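Line order of the protein sequences matches chains L and F. The first sequence maps to residues 1 to 591 in my numbering. The second sequence maps to residues 1001 to 1074 in my numbering.
Do not take every clue at face value.
[Claimed, not checked] Here are some chain L residues the structure puts well away from chain F; computed CB gaps all over 12 Å: (1) Leu66; (2) Val75; (3) Glu88; (4) Phe100; (5) Ala389; (6) Gly406; (7) Leu408; (8) Leu542.
[Unchecked claim] Partial chain L-side listing against chain F, Cβ under 8 Å, derived: (9) Ile43; (10) Val45; (11) Phe523; (12) Arg524; (13) Ala531; (14) Val565; (15) Val572.
Think of the hints as simulated: they come from the structure by calculation, not from any bench. Nothing here was measured: the structure is a model prediction, and the numbers come from that model. C-beta: ideal position from N, C-alpha, C; glycine also.
Given next are the chains, with one letter for each unit.
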Amino acid sequence: MGNPRLRGLVFLAIGLVLAWLICVWLPFTVLPNAGIAPALPVITVPPEIVVYGALPITNTFIAAILVIAVTALWVGMMWRNTNGWTKEIPDRWQGLTEVFVETFYNFCDGLGGEKFRKAPFLWPLVSSIFFFLLIGNWMEIFPGVESIGYMHCSYPNTSGYARSEMGVPNTWKLHVDRTLDAGVTANDELEADCIHFSKVTDSYYNEYDPADYAVDRAAHCSSLAAFDDNLPGYCEDIAIEETSADVQTLLMSNSFAEEVEEEAAEEETAEEIPADGLCVVPGLNDEADAETAAETEADDAMEGEDHSDEAAEDDAADEGDAEGTDEPEAATEEAAEETASLLLMGNSNTETVEEGDEAAAEGEDDHSEEKIERVYVFGTPDQVAVAFAELEEAEEAFAAGEISAGALEEASCEATQMVYPNAVFPMSSSELENNRIFPYVSHITPFVRVIATDLSLNFGLAILAILAVQGYGIWALGPSYFEKFLNLSAVGNIASRPIGGVDFVVGIIEIVSEIGKIVSLAFRLFGNIFAGGIVLMVFPFLLAFVAPGIVIGLEIIIAFVQALVFAVLTLVFAVQAMEAHHGDDHGDEHH
Amino acid sequence: MEVGLKAVGAGLVMLGAIGPGIGIGLLAQGAMQAIGRNPDAAGDIQTNMILAIVFTEAIAIYALVVALIILFVL
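One chain only, chain L, in its complex shape (with noise of 0.2 Å):
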């Protein structure tokens, strides 16, 4: 080992071993067994909101928040370090410090010269904006900055994945098995039938009233309705279900409802292009379908409820107009969703009441029997039996090697939608006993989100510049620093000197760019950052090695450029807009 070369070797090799073990072996192959391979982002453009409330907090106000927190405590600690800038002899902080600010100060000197000087409070606006910027911006680059956050059930049109226990009971994290997966898109009854399942499922924790689900979504419904026009289709249902309970009972008992979901279920399922490995969504093919359907019939008639064969029948004359007539009114349509939703609320309900029933009927059941009893919040306990056995069924002949991996998937995905409907993940039958995974998507929202990725801050702190600008412009000038804009002067020699008519164009012009600068300056700042978010968070998945390395280091020099483009900007309009303008031939060159 004396051999400085053979050393090397050794080095070298330890270290390419260990890089593979931890850049490869490690996400690649031992997280996604454990089912947590790196989920994909949910990119929207709007700040989530965290805390909802009378007052909604978004993740960028905290981080606002964060920022100024950071910043204050920053010049804090320099105040008290420096014994308020009176210590003659810097130490190493104070010397940093000076020599952030001092760089920036001459920057800003040279560009703004005498003016830069001399206008009152320019400075610290041009390095306020800079500093608040900078910390900002390269809070991005911070791990846990845009990716810890609080799991929920995806929102429409966002994708998201299945989630699985931890071990400690109602412990959720995202279940992402294979590397590089997107996830799944949800929609409006995707997310409902979600909240429904988290719901029921903290009830074995929490004593939650399946009953109060109504409540609870016309309360979550109206906390989203405070700030968001655009609500989830399972909203526009509340006010009937508050105003009567007899709808809800009518529609029960109605099937043409159920047929009109499983005819917007088939629509729908056209349109799905279901991720591989993953359950078509909401995936009821016809067969599977019509079973679940006329079990359920069967349990209403067993139960003794009156309607059954009339609705039988009316189901059957209903699936007959639906095949036979091509387009039902629009209107109708509309209508006919609505009502399919109330009855995909109603039906989960019963069932969920049913099966309190019989546990009650059954009275002392032993642990295990009680947790397998709280599995079956969506189907009754026939079509579990039913689901159960044919998964079993599958499994077996997987394991003896009759059917291929993709029947066995496609029948845990039938045995899982009979028990979860829409569920867009297969489960075990083990997983199905146990509830270990939660099948429908989640997703996380961060607690802390870049401020530049709000577009509110930047407008914000744009129009604040380009007021002070404003300002510094009548402070130098007086009143005629709006002859830039309404050039008066020229349309009162405009006798004499035809050709001013063209300042007196230039002057409305110069209000436009006016608005111009302050749309510039605001999208300039969130395109680059937002852009540099998508790019830090989505290039893992492009190209997992050495890549995003590269990325951070041109995100870092993208954050500081912004923020100092930001400010200098600032500087230099607020120089200009000091400048007496040109074709203002009787004003004073200089104040």
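Chain F: place on chain L using the hints.
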């Protein structure tokens, strides 16, 4: 299909980056030539070049923002 059309739309929007690309190239060319002629003024020229590039780049950013809106909002 809708997703595919969105992607095509976003891709077409990014054609808007062609103009700023040419513009930034011309700007840098001019600045480099100026520095070549007058190396003492390199600092001033660089600062002004960066400012001008930022203005030019804004146009490309507009295209980028429209593409992002097509992809994630529409």
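Okay, the hints, checked on the actual structure:
no., hint, verdict
1, Leu66, "holds (24 Å)"
2, Val75, "holds (28 Å)"
3, Glu88, "holds (32 Å)"
4, Phe100, "holds (18 Å)"
5, Ala389, "holds (38 Å)"
6, Gly406, "holds (25 Å)"
7, Leu408, "holds (29 Å)"
8, Leu542, "holds (15 Å)"
9, Ile43, "holds (5 Å)"
10, Val45, "holds (5 Å)"
11, Phe523, "holds (5 Å)"
12, Arg524, "holds (5 Å)"
13, Ala531, "holds (6 Å)"
14, Val565, "holds (5 Å)"
15, Val572, "holds (7 Å)"
Checked against the numbered hints given earlier, the structure satisfies every one of them.
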